[in-house]
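Novice: Chain residues, written in single-letter form:
2 protein chains.
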Amino acid sequence: MMDTLFADRIHDVPRSFIREILKVAPDPSVISFAGGLPNRDFFPVRELREATEKVFATRGTGIFQYSNSEGLTELREYISKRYTTKFNLDVPAERILITSGSQQGLDLLGKTILNRGDRLVIEEPGYLGAIQAFSIYRPAFLPVPVSDNGMDLSRLREAVISGNPKLMYTVPNFQNPSGISYPGQNRKKIADILDGTKTLLIEDDPYGDLRFSGSPEPSFYNLLPDQTILLGSFSKVVVPGFRLGWIVAPQKAMEKLVIAKQATDLHTSHFTQWILYQYLIDHDIDDHIRAIVQAYGSQCRAMQESIKRYLPEEVSCTTPKGGMFLWARLPGNMSSLRLFEIASREKVIFVPGDPFYINRKDMNTLRLNFSCVDETTIDIGIQRLGAAIGELL
Amino acid sequence: MMDTLFADRIHDVPRSFIREILKVAPDPSVISFAGGLPNRDFFPVRELREATEKVFATRGTGIFQYSNSEGLTELREYISKRYTTKFNLDVPAERILITSGSQQGLDLLGKTILNRGDRLVIEEPGYLGAIQAFSIYRPAFLPVPVSDNGMDLSRLREAVISGNPKLMYTVPNFQNPSGISYPGQNRKKIADILDGTKTLLIEDDPYGDLRFSGSPEPSFYNLLPDQTILLGSFSKVVVPGFRLGWIVAPQKAMEKLVIAKQATDLHTSHFTQWILYQYLIDHDIDDHIRAIVQAYGSQCRAMQESIKRYLPEEVSCTTPKGGMFLWARLPGNMSSLRLFEIASREKVIFVPGDPFYINRKDMNTLRLNFSCVDETTIDIGIQRLGAAIGELL
Chain W
498 MMDTLFADRI HDVPRSFIRE ILKVAPDPSV ISFAGGLPNR DFFPVRELRE
548 ATEKVFATRG TGIFQYSNSE GLTELREYIS KRYTTKFNLD VPAERILITS
598 GSQQGLDLLG KTILNRGDRL VIEEPGYLGA IQAFSIYRPA FLPVPVSDNG
648 MDLSRLREAV ISGNPKLMYT VPNFQNPSGI SYPGQNRKKI ADILDGTKTL
698 LIEDDPYGDL RFSGSPEPSF YNLLPDQTIL LGSFSKVVVP GFRLGWIVAP
748 QKAMEKLVIA KQATDLHTSH FTQWILYQYL IDHDIDDHIR AIVQAYGSQC
798 RAMQESIKRY LPEEVSCTTP KGGMFLWARL PGNMSSLRLF EIASREKVIF
848 VPGDPFYINR KDMNTLRLNF SCVDETTIDI GIQRLGAAIG ELL
Chain S
498 MMDTLFADRI HDVPRSFIRE ILKVAPDPSV ISFAGGLPNR DFFPVRELRE
548 ATEKVFATRG TGIFQYSNSE GLTELREYIS KRYTTKFNLD VPAERILITS
598 GSQQGLDLLG KTILNRGDRL VIEEPGYLGA IQAFSIYRPA FLPVPVSDNG
648 MDLSRLREAV ISGNPKLMYT VPNFQNPSGI SYPGQNRKKI ADILDGTKTL
698 LIEDDPYGDL RFSGSPEPSF YNLLPDQTIL LGSFSKVVVP GFRLGWIVAP
748 QKAMEKLVIA KQATDLHTSH FTQWILYQYL IDHDIDDHIR AIVQAYGSQC
798 RAMQESIKRY LPEEVSCTTP KGGMFLWARL PGNMSSLRLF EIASREKVIF
848 VPGDPFYINR KDMNTLRLNF SCVDETTIDI GIQRLGAAIG ELL
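In order, the protein sequence lines correspond to chains W and S. Add 497 to the 1-based position in the first sequence for the working numbering, that's all there is to it. Add 497 to the 1-based position in the second sequence for the working numbering, that's all there is to it.
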């Protein structure tokens with residue numbers, strides 16, 4: 498009976514290769530660049546503990562009751578204010594919906610917007626969590642390549658003209674998996690291409706705060722205000738474990754998103770929202786972010802230096818200006834899946850590129866995470882990776 | 498642009514009349530039987546505070562990191578053990594998926610199982626949250642009437658034979674909205690009707706612990722083990738604000754549900770799961786439940802007595818043996834929507850029956866909540882309701 502039971506849509510969702518890798522009981526002798534996690538050394542646990550005590554001491558039992566689907570008003574107002582003061586973006590609190598992490602933002606957007614077969618522009622390589630979330634709603638993906646130069650504009654133009662896509666999904670700052678960012682000029686040209694079309698742009702920005710070089714680039718929310726939905730998250734700058742993110746959407750979309758949120762899980766826990774809010778008003782989040790950025794920046798530079806030292810010249814890498822990832826391309830058509838097998842034996846792992854593509858296999862690309870590994874370990878790990886590549890060459 | 502943007506599915510979701518009612522700024526002079534909330538006087542806030550302090554003191558930073566989609570192993574084992582010791586049900590921990598409330602369980606089941614147009618048996622009246630969650634996946638609902646005698650068996654037989662439904666959704670204990678429970682014999686006959694068919698039964702049991710009269714009836718999970726998915730929740734016995742519930746599913750369905758959970762929000766907060774788990778192992782939850790049950794039982798009896806005293810004989814009511822709701826049927830074809838208007842002026846509110854039906858309007862039924870109102874207030878409120886009905890008669 499179970500074989501005929503399931504909905505067609507669930508067969509379309511790719512299994513998470515990453516979760517499969519992470520499930521393997523961690524062998525302490527293996528160096529992992531495969532993670533996608535923020536560094537737990539920067540979780541402000543003591544401060545969250547104080548915030549929690551304060552919430553218990555000052556808020557009533559009401560924080561444990563059912564509550565509204567939009568999210569905690571105070572937290573939404575905090576987010577709104579930070580957009581104004583820090584990013585010069587005008588985001589009214591009533592256009593912010595609190596979600597259970599950005600991942601839920603993607604699910605709610607798929608749920609409210611995508612009919613089966615609707616076209617959706619996605620970056621190539623693209624964020625696996627987004628591919629999974631949207632796959633549930635069975636769109637036709639239109640992959641458009643990205644690089645350190647941003648999005649391939651002629652491919653985008655082609656996709657928009659011939660595909661008439663309903664959505665375009667981007668992570669313009671320090672993208673997962675590639676670590677690339679769209680230069681300002683590239684963003685402006687993307688906005689020009691989309692302006693006036695029926696394509697709604699989803700700007701997913703979980704890493705935007707984690708810039709360790711260069712200057713901030715304009716947000717699509719500024720460049721294309723009527724067509725942009727913005728996603729944000731506290732997972733990379735405070736803790737992922739609260740599962741707290743948000744969607745910024747036009748009023749009409751907000752109404753539909755709130756209906757979808759009700760149908761999906763009524764609302765996100767207000768208890769954790771209160772704790773996070775208390776933490777945010779009692780501390781300067783930007784001080785905290787600076788400490789994270791300093792560490793990730795050093796770790797990224799260490800990885801880049803080790804790459805120069807140990808990997809053959811034919812391996813090309815992106816140049817991240819922030820975030821947690823770096824993307825490497827192997828020489829010729831060397832399969833990164835094949836490399837993964839050999840590298841595992843050399844006791845270093847990474848995520849092969851395949852799951853970040855739509856319908857492409859045996860790619861010669863791979864994702865390297867630098868947020869969770871110290872500089873000495875990075876050096877040893879990249880040396881091992883170099884040895885593994887040497888075996889394959 | 499916004500008008501053509503949205504997916505067809507989102508237009509199918511009924512707006513929550515209940516949330517609309519609850520949104521109205523509460524006028525303290527209005528007595529509300531419209532709520533669907535557990536009584537916050539029974540939230541174990543002091544105990545949760547202690548549990549939280551213990552979690553901070555004894556668990557590492559890991560509780561704030563990304564974690565597995567299935568949920569906290571310790572909590573799943575606790576749930577498994579309680580099923581065995583308290584309900585004599587064999588539920589292995591690996592078949593339990595922690596969800597963000599039972600509402601998310603419904604969304605995940607719809608997501609993994611329902612293709613558009615699949616038939617789904619639903620109780621009439623049925624739980625609005627389930628109607629909303631499933632509507633997203635666009636099934637054809639087959640409503641089957643329920644009463645204090647349980648489910649209408651001939652109507653169920655007809656629906657199963659002619660409709661070949663993929664799912665059947667029930668709340669067999671102290672149902673929302675009606676407060677009814679299925680008698681044991683009725684359950685056995687339902688199991689006989691479904692046995693060997695392709696219909697999977699969803700047994701949603703958020704209120705099962707809240708029995709204040711009669712004896713427990715067998716679970717469908719026992720009567721129809723290969724075809725039953727069980728949903729549970731901590732919202733009614735601890736607090737709703739943590740948004741913690743669970744699904745018990747056969748192994749094959751678990752695999753799909755975990756994929757859906759990943760795509761939907763990666764995982765539910767492990768921080769709140771740790772706190773809840775600490776609370777559960779440090780206290781006897783059944784002591785706590787007894788206190789809730791005693792209060793709800795008294796309040797239900799008070800409501801029944803006031804109904805006898807103030808409502809015309811032609812108003813018939815269900816006889817709840819537990820839970821939080823009672824269901825009334827007005828004489829003739831008196832519209833409960835019309836009564837709502839008059840009752841609001843008399844300063845008492847309730848939820849008119851309409852939203853609990855599929856495609857039926859102007860019903861003569863209504864839901865009365867007794868969990869959040871003390872006995873004196875119940876008496877005054879029902880007296881006002883009697884006056885309003887008198888005006889309409």
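Since the hints were derived computationally from the structure, they do not count as laboratory data. Every residue gets a Cβ at the ideal spot worked out from N, C-alpha and C, and that includes glycine. Be aware that one or more of the hints could be misleading.
Here are some chain W residues the structure puts well away from chain S; computed CB gaps all over 10 Å [stated by the list, open to error]:
1) 542
2) 598
3) 601
4) 615
5) 616
6) 649
7) 652
8) 654
9) 681
10) 713
11) 769
12) 798
13) 799
14) 834
Beyond 10 Å from chain S on every Cβ pair, some chain W residues (computed) [as the list claims (entries may be wrong)]:
15) 659
16) 689
17) 763
18) 838
19) 844
20) 858
21) 874
Here are a few chain S residues that face chain W, going by a calculated C-beta distance under 8 Å [to be verified]:
22) 555
23) 738
24) 753
Novice: Run every hint past the structure and note whether it holds.
Specialist: For each hint, the structure was consulted:
Residue placement check: residue 542 (chain W) does not keep its beta carbon more than 10 Å from all beta carbons of chain S (closest about 5 Å). A beta-carbon of chain S comes within 10 Å of the beta-carbon of residue 598 (chain W); the shortest separation is about 6 Å. With a least beta-carbon separation of about 4 Å from chain S, residue 601 (chain W) fails to lie farther than 10 Å from that chain, contradicting its non-interface assignment. Against chain S, the non-interface label of residue 615 (chain W) is violated: not every CB pair exceeds 10 Å, the least being about 8 Å.
Every C-beta of chain S lies more than 10 Å from that of residue 616 (chain W), the closest at about 13 Å, which supports listing it as non-interface. With a cut of 10 Å on Cβ distances, residue 649 (chain W) stays outside the contact zone with chain S, its closest approach being about 25 Å. Distance check for residue 652 (chain W) against chain S: the nearest CB is about 24 Å away, which clears 10 Å, and the non-interface claim stands. Every CB of chain S is more than 10 Å from the CB of residue 654 (chain W) (nearest about 19 Å), matching its label as outside the interface.
Every beta carbon of chain S lies more than 10 Å from that of residue 681 (chain W), the smallest distance being close to 25 Å; the non-interface claim holds. Even its closest Cβ contact with chain S, about 26 Å, leaves residue 713 (chain W) beyond 10 Å, as expected for a residue assigned away from the interface. Not every beta carbon of chain S lies more than 10 Å from that of residue 769 (chain W), the smallest distance being close to 6 Å; the non-interface claim is violated. Interface exclusion of residue 798 (chain W) from chain S stands, the closest Cβ pair being 25 Å apart, more than 10 Å.
Here residue 799 (chain W) stays apart from chain S, with its beta-carbon at least about 23 Å from theirs, past the 10 Å limit. Here residue 834 (chain W) stays apart from chain S, with its beta-carbon at least about 21 Å from theirs, past the 10 Å limit. Even its closest Cβ contact with chain S, about 19 Å, leaves residue 659 (chain W) beyond 10 Å, as expected for a residue assigned away from the interface. No beta-carbon of chain S comes within 10 Å of the beta-carbon of residue 689 (chain W); the shortest separation is about 17 Å.
A Cβ of chain S approaches the Cβ of residue 763 (chain W) within 10 Å, the least distance being about 5 Å, so the stated non-interface status is violated. Listed as a non-interface residue, residue 838 (chain W) keeps its Cβ farther than 10 Å from every Cβ of chain S; the least gap is roughly 25 Å. Separation of residue 844 (chain W) from chain S is adequate, the least Cβ-Cβ distance of about 23 Å exceeding the 10 Å criterion. Chain S leaves residue 858 (chain W) outside its interface by the beta-carbon criterion, the shortest separation being 20 Å against a cut-off of 10 Å.
The non-interface label for residue 874 (chain W) is consistent with chain S: the shortest C-beta to C-beta separation is roughly 18 Å, beyond 10 Å. For residue 555 (chain S), the suggested interface contact is broken, since its CB lies about 12 Å from the closest CB of chain W, more than 8 Å. Using the Cβ-Cβ criterion of 8 Å, the hint placing residue 738 (chain S) at the interface with chain W is satisfied: the shortest such distance is roughly 4 Å. Hint status for residue 753 (chain S) relative to chain W: holds, with the closest Cβ pair at about 5 Å, below 8 Å.
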